[in-house]
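Protein chains in written order, with the numbering used here: chain A, 9 to 168; chain B, 128 to 231; chain C, 156 to 820; chain D, 1093 to 1487.
Just so you know, these hints were derived from the structure itself, not from any lab. Backbone N, C-alpha and C define an ideal beta-carbon position, used for all residues, glycine too. Just so you know, not all the hints are guaranteed correct.
Listed below are several chain A residues computed to face chain C (Cβ distance under 7 Å; list not exhaustive) [claimed, not checked]:
1. V100
2. A103
3. S111
4. L113
5. A119
Pulled from the structure, derived: some chain C residues nowhere near chain B, Cβ distances all over 10 Å [stated by the list, open to error]:
6. L179
7. I798
8. G803
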Amino acid sequence: MNSAALIIIAVFTLAAALAAATLRKLMHAALSLVVVFVGIAALFFLLGAEFVGLALVFIYVGAVAVLVVFTILLTPRDVGKDRGFNWGGAIVAVAVFGGLTWSILNTQSLAVVAPHMPALTVKQIGKTLMTIYVWPLQCVGLLLTAALIGALILVMEEKR
Amino acid sequence: MTPTLQIFLIVSAALFSTGLLAALSRRHAIFILIGIEMMLAAANLNFIAFWRFGPPHQPPTGVMIALFSIAIAAAEAAVGLAMVIAVYRHYHTTNVDQLDQLRG
Amino acid sequence: MNSWIVTHLWLVPAEPFAASLAILSVSNTRRKSAAALAVAGQIIALALSVVAFVSTLQTHGFRAVQNFTWFTFGDQTLRLGFVLDPLAAAMLVMITVVGLCIFVFSVGYMAEDKNFTRFFAYLSFFSGAMLGLVIANSLLLVFIFWELVGLASYLLIGFWIERPSAAAAAKKAFITTRIGDMGFFLGVLWLYDRAGTLLFYDNGRGCLEGAGLAMLGASATFVALLIFCGAVGKSGQFPLHVWLPDAMEGPTPVSALIHAATMVAAGVFLVARVYPLFSLGAISGVTSSLTVVVWIGVTTALMAALIAIAQADIKRILAYSTVSQLGLMMVSLGVGGVAAGIMHLLAHGFFKALLFLGAGSVIHGCHGEQDIRKMGGLRRFMPVTFMTYAVGMMALSGMPFFFCGGWTKEEILHATAHWPPSHVPYYLILVGVVLTALYMTRQIIYVFFGNPRVAAERAHESPRIMTMPLIVLAFGAILLSAVLTPAWPWLHGYLTGEPTYFDVARLIQPMLFVSLALVSAGVGVGFWIYRKAGTQDGGRPAEVDPLEYAQPALFRFLANKMWIDELYARTVISFSWMAARLSDWMDRYFWDGLVRGFGAIGQLFGIFTTSVDERGINAGVDETTAGARGLGRVMSTAHSGQIQTYLGAIAIGMLALLLLYAWLA
Amino acid sequence: MSNSIDQVFVHAKQWLLSSLTGSPGWVVQVASILINIFMLLAVFLTLFALISVLERKILARMQNRYGPNRVGPFGLFQPIADGIKMLIKEDIVPARADKIVHFLAPVLIAAVAILTLGVIPYGRNMTPFTIDGGILFFFAVGSATELAVFMAGWGSNNKFSMLGAMRAIAQMFSYELPLIITALPVVMVVGSLTPDRIVAAQAGYTFDLVPRWFVFTPWGAAAFVLFFVSGLVESNRTPFDVPEGESEIVAGHMTEYSGFKYATFFMAEYIGMFAVSGLAMTLFLGGWHAPARILEIIPSYVWFFVKLGSLLFVYIWVRGTLPRTRIDQMMNFAWKFMLPMAFTCVIAAAVWHYAGRGLRGWLWSFLVIAIVYTALSTLLDTGRKLAPRVYRFAE
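When you get a sec, could you build the whole thing from the sequences and use the hints?
Pasting the structure below:
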């Protein structure tokens, strides 16, 4: 695992995340979110979870990001207007970050390096998904169907 | 120097906090969703990291949970964005400060 | 072919049922298609019946069953089935032939009716139910079809629903037969309790076979008598015969089909079907249950024949004669002449259908008039009807040689004469035979001879479609006698499974002369008494019956059906009325008072609790709610309604938990 | 002999890398990647130039014209002239445009198109980017095209651009489903998402005659046709070029682009076409495998480019033949026909597998597809018969 690559990707991702949280234009923030997800996918690749990284890119860049930009398109009134910034939220976020970092750094059992591990193949994931996790898989399928129908009904024009 | 688990966790914590920042500080409803997506991604990063740094030759539970979480997050995003559109249609605003009909 | 018809025997009743459904589903203006459907269904059923009949000819005592499981409850399985044996096959052919004739007749008779299609739907429905009844191999299935037949009868008697008398007659028929069916159903239950099966034949395990009968033991008598209750109701035996004459309110083809040829025969058929139950443990052919059957039959036969003499309605006379003949069949079954009884049943089916259709033709010709005293001299206007009616009358009277009724009646007399316990039934039946000839002679004289009276003046012959079935049935009644003669008793052998051979010497035997003498006597006396019926004679006015003039009290007794209806009205019905009044009174004053008393107690308690509630509890609750409301007002300030506040609170809470955990660890 | 010709590029790369022995591992890795990228760009940009001029020539021949024939022999240097023209044109950015997004859109779309090329096996041992989930990578990266199109539409701040982008996204989303689902049966049958494994699974010949390509199974043939049609849509080619229909919305999301940015869009479209064709070949047409055993002496990469060339010719042929469809017809076709048929292919592949992959499986899976196809075409029949168009006012 390459430290240099990790640092580059992490800095890139976090910068994009900060941009997504603070950019004034909503569209730019949404596109920054895409960059964040590409960065996270890269981190997944770095960690050896290629399949999850590809799935993340596939779902977030291909679907969720387009949904977000479409929503921005469909709610045009507030786009581009600055609504101010709630500094209280920033304080809370910084406090949470501080608390988390403090506890992570103070937990000695976390200061481990990665063990050697055989590569996780797609086949392996598929087998696990179809054996141990077959019920969760079905439930997720049901959930996605329900979400699809629910989203459709929510945005459907009301008949008069 | 090879990275330890702590570095990944701190990256994840930073991402989580940034997501929290987006969700807490911005007024537009879509920012809240963006923040939530970032927080979920941070959680996924944690899962993957813990799997990678955990004992080898185990079922890849962390990976599985990350996959399911991605799927569920996609559903959440779809419903959430649909709600944003529905709310916009009804109140003609996406500013969450104005959506306070449930005020006590 | 053989096995095919056995496994597909259900098709026979299915055809008329299907026809019925089809007719109900077409518009009631499509009369031709309705009639065509009904007749087609009947023809197919007839063809299948003939196939079934032919297959039973192959061996003596042929019997094939086809059983299946209807449903399973717990570890019990309820099995139903169909049986094909000579009894069923003969009945199938008789019902379909007679039924077909009646269907065709109805096309002409009901041509003017506005509910033509409904009539044919009911008729087909009835036919299907009756066919199902005769091939059922399970007492339960018999019961099901039995009730369907009852329903069809109810619907058809009350067909002219706009007439109050028809509706009342339908109700009377339905309720009276239901009384008998109650006993039948109890018998079915008892039999199931004892034998554990309701199948008649099931490879030796059926309730009519050795093992099943052995399990019954002494209870067989009671079971048999309970089943006989059903037969009494359906076959119009004393004391439940009262519905049958009233059922003549239905259209005449219905009377012919249901109340002469087929349905009322169901009771006789049932007794014949479960005959092993009756004869279980017989000593020289006599059991207590069979004795009951004999005495009921004798009473019915004689009583109905007597009543028939004094009736004026052409159909009522025939109805009482039906009751009488059914009694005769019961006697035959009771004394052990099962084959004779069934043969008489088959023959009766033909000639009684013929007589009823003839009566229908007469009524049709006289424009709806049913009173024989208003007819007369019709033989000139309605020659075909007269000829066929005469054939039917001869057959019914029991004229030997050429008419089927004669041979079967003679055989019944034969069987009764040798009944060990008593000779009384034999002599009473002889009287019945004479009376039968007498009242038939009376009827024919009134209707066809003499001068035309009020209703007969503009009479006309019926159309071809109505006379054709009459002719067919008349030929059937004559030709049937060919297989009934003692010289070649083929039908007897067919039913009993014994081989038959031809012996012309057996043709001449004493009973033949007894029979001939009795019938001649009856006819002769009839001609002598009624020679001047319908005309003024001495001091007697034209409209008064000769017998009434001679014996007014006796005639009134008979004309009023021996006051049995009135007796029932005074006893059974008034008892029910009294019981109902008593129950009503109890309900109104006794139980109602109790309920009201309890109510009052509850009310008092309610008043008490209300006061406690209002004075004591409410005040406390008011204080509490006021406090809660104040607290809620304070708390609600935290509910900003803004999602980000909540989210922030969650984040702070998470942080606090983290710090708490870190502090503890 | 044939083997060394077959592997000549592989050996060349190894020879180049061998000069780096002694350097740290990551240097060699980076060098290897750079060589791959360089080769990919060199080959496919050349191919792009070649195909762009060939398309014009072929279309011209189909329409009884000459086509470009002025620059160089047979007009072959036309792309160079076009390129110079594009480069020196003024780069116009609308004043109200979202400048960053407007700039990033062509970059993203080109990057995505080139990335998808990376996972396709071009010959024996010639896959630039070997990854376990190559097919998934292709679709995952390819799905970013929609985002780029949206960025172009949004960034231009022009209603034609926005409308074109909406149309493009609608049709790409709709046809991405059949595209991915028709790839599924192959993945199911091979049991791998790796392109190399999929190509390897199609090696060999039935009866030494018919190659074991998936296109020769009923489900494979049906899936190939569906995949090809979806590919046409994904690369916005005629008859599905609704998003940039000139007569309706100028040039769709590319309306506000000029000069080199426009050229980049153009290039991305062609490279996307190459990539989809390459994937179609990998999945169904046996990749770089020769169509007969005798022809195996010809190197694998030659076969790949021969097949690619024929597929591209079909693209051009279709463009020269068919008129543009209406957007509603396209959407109906996607959801009512393509998607059910794609699922049918999955089922038919399963049937083929469980019926023994032999003649029996062939017949059964053919039956499944035939039944569903017949049912669908009966159900979707609008009853409108095709007839010559009647010009009421023109005659």
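Okay, the hints, checked on the actual structure:
Interface restraint check for V100 of chain A: the shortest CB-CB distance to chain C comes to about 5 Å, inside 7 Å, so the restraint holds. With a least beta-carbon distance of about 6 Å to chain C, the hint placing A103 of chain A at the interface is held under the 7 Å criterion. Because the beta carbon of S111 of chain A sits about 5 Å from the nearest beta carbon in chain C, less than 7 Å, this interface hint is met. At its closest, the beta carbon of L113 of chain A sits 11 Å from a beta carbon of chain C; the interface hint therefore is violated under the 7 Å criterion.
With its C-beta approaching chain C no nearer than about 16 Å, A119 of chain A sits outside the 7 Å limit, and its interface hint is violated. For L179 of chain C, the non-interface assignment is confirmed: its Cβ lies about 53 Å from the closest Cβ of chain B, beyond the 10 Å cut-off. A Cβ of chain B approaches the Cβ of I798 of chain C within 10 Å, the least distance being about 6 Å, so the stated non-interface status is violated. Consistency note on G803 of chain C: stated as away from chain B, yet its beta-carbon is not over 10 Å from all of that chain's, at 5 Å minimum.
Violated hints for the displayed structure, listed by number in ascending order: 4, 5, 7 and 8.
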